[in-house]
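S.K.: Given next are the chains, with one letter for each unit.
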Amino acid sequence: MGQTSNHATGGSQDVCVEFSNVDKWFGTVQVLHDINLTVGKGQKVVVCGPSGSGKSTMIRCINHLEKHQKGRIVVNGIELTESKRSIERVRQDIGMVFQSFNLYPHLTVLENCTLAPRWVKGVPRKDADALALRYLERVRIPDKANFYPSQLSGGQQQRAAIARSLCMNPKIMLFDEPTSALDPELVREVLDTMAQLASDGMTMVCVTHEMGFARQVADRVIFMDAGRVVETAPPDEFFRNPRERRTRAFLSQILH
Amino acid sequence: MDFNYILDALPDLMRGLKVTLTVSGLAILLSCIVGAVGAALRTSGFKPAEYLVTGYVEFIRGTPYLVQIFFIFYGLPSLGLRLSVFWSGVAALTLWASAFQIENFRGGLAAVSHGVRDASASLGLKRWHHALLVVFPLAARAALPSSMNTIVATVKNSAYLQAIGLVELTFVAVDRIAYDFRAIEMFFSICVIYLLCVFALSGLGHALEHRLNRPFAGR
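Read top to bottom, the protein sequences are chains S and C.
Residues 2 to 257 (the numbering used here) are what the first sequence spells out, left to right.
Residues 160 to 378 (the numbering used here) are what the second sequence spells out, left to right.
Only chain S is shown next, with the shape it has when bound in the complex (with noise of 0.2 Å):
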């Protein structure tokens, strides 16, 4: 079993987010097990496995959506505890896109990017407003601000999720299988928004099977299984040299 190293990357400033020793159980079953990982500022982390490996409940893990057991999380310098405190904190650092999108179907786009703004931080309407509208062209729907969720195909619901996170200015870009909901030929437009935010130089953990997108965008690859983080490679060694048997195992069913 290939332990994971501890990817330092100087100094612990530049460390976004940290797992040590995570272990987490859902009632008797333990679906984590001694998970140890470092995000440095500024990387692409990608995230694959087999269904039930626990890659959701990883990333769910960063921003406290899930409470794990034992270890130390911390992000951006400060530890994950019970203390709603610093779950509030971690929370203010961190966008996350959902597999099932999570719009709020009842609001229109321009309202699903400007609620947060409004109610976390205050923010008056119309500066709301035009920093919406900016991140809707960022992710190219400002024609879309007026409509509802359900008018939007699934591609646009995704960057409208993406847009709405990016409102709150975080500095940390979850996705939980962002194009697993979506028809084959809207995974482009999304996976292409994503690219767009890496090369901006945002720190990015992304849950996926696109693997053209972790070859394009990752620093590096991990692979899960049962639980356990089995192997992290840079995506060129991950693709080509897989170590781990279960590693290769999983390649060949994905890799067509």
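Derived by calculation from the structure, the hints in this document are not laboratory data.
Just so you know, not all the hints are guaranteed correct.
What the hints assert, rightly or not - These stretches of chain C come out as covered by chain S in the derived footprint (C-beta under 8 Å, 3 or more residues):
(1) 271-277
(2) 286-300
(3) 367-376
As the list claims (entries may be wrong) - Straight-line C-alpha distance at most 30 Å; calculated DSS-like pairs for lysine-lysine:
(4) S:Lys127 / S:Lys71
(5) S:Lys42 / S:Lys172
(6) S:Lys68 / S:Lys42
(7) S:Lys68 / C:Lys315
(8) C:Lys315 / C:Lys177
(9) S:Lys68 / S:Lys127
(10) S:Lys71 / S:Lys42
(11) C:Lys285 / S:Lys122
(12) S:Lys42 / S:Lys85
(13) C:Lys285 / S:Lys71
(14) S:Lys85 / C:Lys315
(15) C:Lys285 / S:Lys68
(16) S:Lys85 / S:Lys68
(17) S:Lys127 / C:Lys177
(18) S:Lys71 / C:Lys206
(19) C:Lys206 / S:Lys172
(20) S:Lys172 / S:Lys127
(21) S:Lys172 / S:Lys68
(22) S:Lys172 / S:Lys122
(23) S:Lys85 / S:Lys172
(24) C:Lys285 / C:Lys206
(25) S:Lys71 / S:Lys172
(26) S:Lys85 / S:Lys122
(27) C:Lys285 / S:Lys42
(28) S:Lys71 / S:Lys85
(29) S:Lys85 / C:Lys285
Where a beta carbon is used, it is the ideal one built from N, C-alpha and C, also for glycine.
Please build the complex by placing chain C on the supplied structure of chain S, with the hints as guidance.
M.R.: Positioned in the frame of chain S, the structure of chain C alone reads:
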């Protein structure tokens, strides 16, 4: 049927209708508030509150409405709580309607997807902001059809309050029949009046439903 008699009785009936609408209106308003709060408590995960609300709903649903009215009007004074006929009526009707509105709103809450909870949490929205700005409008939309049912039933069930001497629409009709024996005229009249009220309410409900469904029209 003597329509002149009906015209003659109309001012009396209108005074009764005013009381019917006042009592029903108050009960509808209060029961919607109690319903929303009760449903929130019932799904709060705080066990004592959940048992309390469940017990209340089961009690109201499991006992005759007329008995509840008598309990409040004749029973409570011996416990030291004496309410006027009007407020006894409002209390009885509100308590009855609230039990059903709690169930309606509970259904509405269950229809709100867990995904929006994750979204709000990841955006750093406070719980009560999320409850007020996201869950409430979504739950209200889902609960509206069954809620309208209860609202209509609330108006009709105000008629029971004639049993404790509240001078509402049905009381006026029955009272006049006792003097003039014009049963068919009076019952026909109040049926039409109740129907008109219910139609107006249903129309309002449909308009509201249409408005709340607008974001979902494309689906």
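S.K.: Now look at each hint and say whether the structure bears it out.
M.R.: Hints, one by one, checked against the model:
Residues of the stretch 271-277 of chain C lying with their CB closer than 8 Å to a CB of chain S number 4, which satisfies the three-residue condition for coverage. As drawn, the stretch 286-300 of chain C meets chain S at 6 residues by the rule of a beta-carbon pair under 8 Å; at three or more, the given contact holds. As drawn, the stretch 367-376 of chain C meets chain S at 5 residues by the rule of a beta-carbon pair under 8 Å; at three or more, the given contact holds. With a C-alpha separation of about 44 Å, the suggested pair Lys127 (chain S) and Lys71 (chain S) falls outside the 30 Å cut-off, and the hint is violated.
Between Lys42 (chain S) and Lys172 (chain S) the CA atoms are separated by roughly 9 Å; this keeps the pair inside 30 Å, and the hint holds. For a cut-off of 30 Å, the pair hint linking Lys68 (chain S) to Lys42 (chain S) stands: about 23 Å separates their Cα positions. The hinted pair formed by Lys68 (chain S) and Lys315 (chain C) fails the criterion: a straight-line CA distance of about 50 Å is larger than 30 Å. For a cut-off of 30 Å, the pair hint linking Lys315 (chain C) to Lys177 (chain C) stands: about 14 Å separates their Cα positions.
In summary, the hint linking Lys68 (chain S) to Lys127 (chain S) is not supported, as the alpha carbons are separated by about 36 Å, beyond the 30 Å threshold. The straight-line distance between the Cα atoms of Lys71 (chain S) and Lys42 (chain S) is roughly 25 Å, inside the 30 Å bound, and the hint therefore holds. Simply put, Lys285 (chain C) and Lys122 (chain S) have alpha-carbon atoms about 11 Å apart, close enough for the 30 Å limit, and the pair holds. Restraint check: the Cα-Cα separation between Lys42 (chain S) and Lys85 (chain S) comes to about 25 Å, which is no more than 30 Å; the hinted pair holds.
Between the alpha carbons of Lys285 (chain C) and Lys71 (chain S) the distance comes to roughly 26 Å, so the proposed pair stays at or under 30 Å and holds. Restraint check for Lys85 (chain S) and Lys315 (chain C): not satisfied, since their Cα atoms lie roughly 48 Å apart, outside the 30 Å limit. Pair hint Lys285 (chain C) plus Lys68 (chain S) holds up; C-alpha atoms about 18 Å apart against a cutoff of 30 Å. Simply put, Lys85 (chain S) and Lys68 (chain S) have alpha-carbon atoms about 12 Å apart, close enough for the 30 Å limit, and the pair holds.
The hinted pair formed by Lys127 (chain S) and Lys177 (chain C) fails the criterion: a straight-line CA distance of about 46 Å is larger than 30 Å. For a cut-off of 30 Å, the pair hint linking Lys71 (chain S) to Lys206 (chain C) stands: about 28 Å separates their Cα positions. Restraint check: the Cα-Cα separation between Lys206 (chain C) and Lys172 (chain S) comes to about 39 Å, which exceeds 30 Å; the hinted pair is violated. Of the supplied pair hints, the one linking Lys172 (chain S) and Lys127 (chain S) holds, its CA atoms being roughly 24 Å apart against a limit of 30 Å.
For the proposed pair Lys172 (chain S) and Lys68 (chain S), the alpha carbon gap of about 21 Å is at most 30 Å, so the pair holds. With a CA separation close to 16 Å, the supplied pair Lys172 (chain S) and Lys122 (chain S) stays within the 30 Å bound. Between the alpha carbons of Lys85 (chain S) and Lys172 (chain S) the distance comes to roughly 20 Å, so the proposed pair stays at or under 30 Å and holds. Of the supplied pair hints, the one linking Lys285 (chain C) and Lys206 (chain C) holds, its CA atoms being roughly 23 Å apart against a limit of 30 Å.
Note on Lys71 (chain S) and Lys172 (chain S): the hinted pairing holds, with a Cα-Cα distance of about 25 Å set against a maximum of 30 Å. At most 30 Å may separate the alpha-carbon atoms for a hinted pair to count; Lys85 (chain S) and Lys122 (chain S) meet this at roughly 17 Å. Taking the CA atoms of Lys285 (chain C) and Lys42 (chain S), the gap is about 28 Å. The hint holds against a cut of 30 Å. A hinted pair counts as satisfied when its Cα atoms are at most 30 Å apart, and Lys71 (chain S) with Lys85 (chain S) qualifies at roughly 18 Å.
For the given pair, Lys85 (chain S) sits about 11 Å from Lys285 (chain C) by alpha-carbon distance, which is consistent with the 30 Å threshold.
Violated hints, listed in ascending order, are 4, 7, 9, 14, 17, 19; each of the other numbered hints is respected by the structure.
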